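*Asks:* Sequence:
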Amino acid sequence: MLDDEDSIMNTQDIYIARAIVIDGDTLWVAELDEVYIFPTKKFKNNRERRRYTRLIYNVKKAYPWAKLAGEKLAEVEIHLVSLETEKEQKDYMKQVEKELLKDYKDDLKKLTITQGRILIKLVDRETGDTSYELVKELRGKLSAVFWQALARLFGSNLKSEYDADGEDQLIEEIVVLIENGQL
Numbered sequence: 002m003l004d005d006e007d008s009i010m011n012t013q014d015i016y017i018a019r020a021i022v023i024d025g026d027t028l029w030v031a032e033l034d035e036v037y038i039f040p041t042k043k044f045k046n047n048r049e050r051r052r053y054t055r056l057i058y059n060v061k062k063a064y065p066w067a068k069l070a071g072e073k074l075a076e077v078e079i080h081l082v083s084l085e086t087e088k089e090q091k092d093y094m095k096q097v098e099k100e101l102l103k104d105y106k107d108d109l110k111k112l113t114i115t116q117g118r119i120l121i122k123l124v125d126r127e128t129g130d131t132s133y134e135l136v137k138e139l140r141g142k143l144s145a146v147f148w149q150a151l152a153r154l155f156g157s158n159l160k161s162e163y164d165a166d167g168e169d170q171l172i173e174e175i176v177v178l179i180e181n182g183q184l
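For what it's worth, my numbering labels the leading residue of the sequence shown as 2, then goes sequentially.
For the record, the hints were derived by calculation from the structure and aren't laboratory data.
Among the clues, some could well be false.
Said to hold, decoys possible - Dumping the calculated SDA-like pairs for lysine to any residue here, alpha-carbon to alpha-carbon at most 20 Å:
id, residue 1, residue 2
1, K160, D104
2, K95, R55
3, K95, L143
4, K106, K42
5, K160, V146
6, K68, A18
7, K73, K42
8, K42, D166
9, K106, L74
10, K62, K45
Being a predicted model, the structure only gives us computed values, none of them experimental.
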């Protein structure tokens, strides 16, 4: 026998779903997030496996910084458009640089050289411009040449472009897995 409580429908029992009718059958329609499936990695030896695991670790360290760089750059570009004179733009850029250094310098110093190289590539991925082009555009050619020379001293290159289908394919796979919450 049913209790009165069982026969009364409450709002917790109601679910609203989209559906379509095909040939008299009602089919539930759900939108699912994209899931990327990459083939299982096959490693020749443990050394190769460790290198891949280390790459995952390094990309996880560098990727949030690249995302942040892309977001900050978008904010800066929007604000720069609203400034009328070149002096206002220059003053604004100095202020932004000062704030960024104050907020992030210590954390960025903790990145390894390898993580820095990955960050240079990922900045290109996120912004569409190499780090060299960004420095040149935002701080001037002299500054870009200085930072490029410094990067070259440490074996890096600010002019490195991101090649998702070529040499950076593994990094791209890792980033896609991170973005989808699979890593």
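*Asks:* Does each hint hold? Answer for all of them.
*Replies:* Cross-check of the supplied hints:
no., hint, result
1, K160 x D104, "violated (25 Å)"
2, K95 x R55, "violated (36 Å)"
3, K95 x L143, "holds (15 Å)"
4, K106 x K42, "violated (36 Å)"
5, K160 x V146, "holds (11 Å)"
6, K68 x A18, "violated (35 Å)"
7, K73 x K42, "violated (35 Å)"
8, K42 x D166, "holds (17 Å)"
9, K106 x L74, "holds (17 Å)"
10, K62 x K45, "violated (26 Å)"
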